[in-house]
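Please arrange chain W on chain Y, whose structure you already have, making use of the hints.
Protein chains: 2
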Amino acid sequence: MIALLKMMANEYSPKAVPALIGSQRDRIIQNLTGCSDPYYQLKNKANEKALEMFPDLLKKVESIPPSNRLRMACLISCLGNIIEYDVPNHNADIDAALWELDSHGFQINDIDELKKLMGNGVEILYLTDNAGEIAFDRLVVQELQRQGCAVTVAVKGGPSLNDALLEDAEKVGMIDEANRIITTGSSAVGVNLSEASSEFMETYRSVDLIISKGMANWETLTEYEAPCPIMFLFRTKCEPVAASIKTPIGKNIAKLVKKGWKL
Amino acid sequence: MIALLKMMANEYSPKAVPALIGSQRDRIIQNLTGCSDPYYQLKNKANEKALEMFPDLLKKVESIPPSNRLRMACLISCLGNIIEYDVPNHNADIDAALWELDSHGFQINDIDELKKLMGNGVEILYLTDNAGEIAFDRLVVQELQRQGCAVTVAVKGGPSLNDALLEDAEKVGMIDEANRIITTGSSAVGVNLSEASSEFMETYRSVDLIISKGMANWETLTEYEAPCPIMFLFRTKCEPVAASIKTPIGKNIAKLVKKGWKL
Chain Y
1 MIALLKMMAN EYSPKAVPAL IGSQRDRIIQ NLTGCSDPYY QLKNKANEKA LEMFPDLLKK
61 VESIPPSNRL RMACLISCLG NIIEYDVPNH NADIDAALWE LDSHGFQIND IDELKKLMGN
121 GVEILYLTDN AGEIAFDRLV VQELQRQGCA VTVAVKGGPS LNDALLEDAE KVGMIDEANR
181 IITTGSSAVG VNLSEASSEF METYRSVDLI ISKGMANWET LTEYEAPCPI MFLFRTKCEP
241 VAASIKTPIG KNIAKLVKKG WKL
Chain W
1 MIALLKMMAN EYSPKAVPAL IGSQRDRIIQ NLTGCSDPYY QLKNKANEKA LEMFPDLLKK
61 VESIPPSNRL RMACLISCLG NIIEYDVPNH NADIDAALWE LDSHGFQIND IDELKKLMGN
121 GVEILYLTDN AGEIAFDRLV VQELQRQGCA VTVAVKGGPS LNDALLEDAE KVGMIDEANR
181 IITTGSSAVG VNLSEASSEF METYRSVDLI ISKGMANWET LTEYEAPCPI MFLFRTKCEP
241 VAASIKTPIG KNIAKLVKKG WKL
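Chains as they are written, first to last, in this note's numbering: chain Y, 1 to 263; chain W, 1 to 263.
Hints were generated in silico from the structure; no laboratory data involved.
Be a bit skeptical, because a hint or two may be false.
[What the hints assert, rightly or not] The calculated lysine-lysine pairs, modelled on DSSO-like cross-linking and capped at a C-alpha distance of 30 Å, are:
| # | chain 1 | residue 1 | chain 2 | residue 2 |
| --- | --- | --- | --- | --- |
| 1 | W | K237 | W | K6 |
| 2 | W | K115 | W | K258 |
| 3 | Y | K15 | W | K6 |
| 4 | Y | K15 | Y | K259 |
| 5 | Y | K116 | Y | K262 |
| 6 | W | K15 | Y | K6 |
| 7 | W | K115 | Y | K6 |
| 8 | W | K49 | W | K237 |
| 9 | Y | K262 | Y | K59 |
[Unchecked claim] Have a look at the derived ranges for each label pair, beta carbon to beta carbon:
| # | chain 1 | residue 1 | chain 2 | residue 2 | range |
| --- | --- | --- | --- | --- | --- |
| 10 | W | S13 | Y | K237 | 32 to 38 Å |
| 11 | W | P14 | Y | E170 | 40 to 46 Å |
| 12 | W | E170 | Y | G34 | 58 to 64 Å |
| 13 | Y | E11 | W | S198 | 39 to 45 Å |
[Stated by the list, open to error] A short, non-exhaustive set of chain W residues, derived as facing chain Y with CB atoms under 10 Å:
| # | residue |
| --- | --- |
| 14 | I2 |
| 15 | Y12 |
| 16 | K116 |
Ideal Cβ positions, reconstructed from N, Cα and C, are used throughout, including at glycine.
Looking at chain Y on its own, in the form it has when it is part of the complex (with noise of 0.2 Å):
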């Protein structure tokens, strides 16, 4: 309590980025503890529990016409970030937070404007969020690929929360489904420029188009001007990044920014 009180009173000011803030409160916490990654239990159980629902939500994405696929797949992908992974009778709940989800869909649909921005050759940085959920990702990142795109997928450098880290990019299944696999090369939540690889930072630049999954790397993203086009996919799971997006709480969010866009 005493190390992050510190911290806090000499990290906060109305400027802070709450997610950089949160990264060094882990890291006090990872140092003090001597834990390293607390979370890799609930991680794994993530995974595990994702994985086994994958089949059936990839037959979900399958059984409708080609021009909606990318839309659900997104939708799921916007559900792993929200589903119980301990919840017993999954199936079933499931296919009710499904059916919900597709009633309410997306407060912000840009959808069909991405749409437009996928082709052939197409290079695209897919920033992960959490473990589990990662698994959902492969559903969407399998769709840009059938559009030919070509998708770098990002986990994070080092244990940061719950993200996705390489080993669970490898446990899901996604090292086979994307182009390529690259770490941001730093355990920073969200994304901190600063401390990214430069494996990273040349992805980073280069890529025709980002899909930014998650409130963090919406919280972190929007302190940088974007450097192409930016989908940021997630659902709005606190009341600041709600008011940050103009939508109320509880929502999926499908927002598309052009190059050049800061908030």
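Using the frame of chain Y, we list chain W on its own:
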């Protein structure tokens, strides 16, 4: 927020006294906002509402056998600690709340022990808590003085949350009720002996008995060795305080400790 975080980072420790940190918090807010008494309007409203209820509560006490009156007055005084002063139909609510209080009674009830300490010429220091509530404390003070005790009532020496000040003691008639009124000499939450006036300290050290009302007085007096028997009269309104006296939350406490006691 920055000023509060810096204060917390400096002051927090496993041995920190929450009420003393609370005093520092309030002083920072008073200094930065330039508002020396942020609870002024709330206190006035609480005094007015409590005064409206006072005649009925006095009748209630005087309608029961004398041997039970002190217990009833103490219960009503605890009630003052929890009622919502802005409930429109307050009479119905008081009756319901009193019935509820009476049926639950005291989780710790040392009132019979307290009675044994009362008698002609016994000097008592009564430490008040909130404005509004101080009107109900009159009923306890009245009962004590009927037994021949001389009661000195202490209010805070300066604005401290919604605690009663001299002006509140005057508004609710406590100045006429008590044998003597003093202040703690400080705006500290609860009792901070290092900030107390010499008048307060002389009374604190010389009386035969202290009656300490409310959680903040419990939180702070427990830092010192009891200078005489102390009757702690409060309701457990938060988990840490409830845990410190080993009762559940939401209970009425009338705990008598001996001279020399320390938590």
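Going through the hints against the structure:
Between W:K237 and W:K6 the CA atoms are separated by roughly 28 Å; this keeps the pair inside 30 Å, and the hint holds. Of the pairs offered as hints, the one joining W:K115 and W:K258 holds, with about 14 Å between alpha carbons and a cut-off of 30 Å not exceeded. The suggested pairing of Y:K15 with W:K6 holds, with an alpha-carbon distance near 17 Å, which does not exceed 30 Å. About 24 Å separates the Cα atoms of Y:K15 and Y:K259, which keeps this hinted pair within 30 Å; it holds.
In summary, the hint linking Y:K116 to Y:K262 is supported, as the alpha carbons are separated by about 22 Å, within the 30 Å threshold. Taken as a hint, the W:K15 and Y:K6 pair is honoured in the structure, with Cα atoms around 17 Å apart against an allowance of 30 Å. Between W:K115 and Y:K6 the CA atoms are separated by roughly 49 Å; this puts the pair beyond 30 Å, and the hint is violated. Restraint check for W:K49 and W:K237: the C-alpha separation of about 21 Å stays at or below 30 Å, so the hint holds.
Distance hint between Y:K262 and Y:K59 is unfulfilled; the C-alpha atoms sit about 38 Å from each other, more than 30 Å. The hint said 32 to 38 Å for the Cβ distance between W:S13 and Y:K237, and at roughly 34 Å that hint holds. Between W:P14 and Y:E170 the beta carbon distance is about 43 Å. The supplied range of 40 to 46 Å therefore holds. For W:E170 paired with Y:G34, a C-beta distance near 59 Å keeps the hint of 58 to 64 Å intact.
Taking 39 to 45 Å as the suggested C-beta distance range, the pair Y:E11 and W:S198 conforms, at roughly 44 Å. For W:I2, the interface hint holds, the least distance from its beta-carbon to any beta-carbon of chain Y being 6 Å, beneath 10 Å. The beta carbon of W:Y12 is positioned within 10 Å of a beta carbon in chain Y (closest approach about 5 Å), and the interface hint is therefore held. The interface hint given for W:K116 is violated, since its Cβ lies 44 Å from the closest Cβ of chain Y, which is over the 10 Å cut-off.
In summary, the numbered hints that this structure violates are 7, 9, 16.
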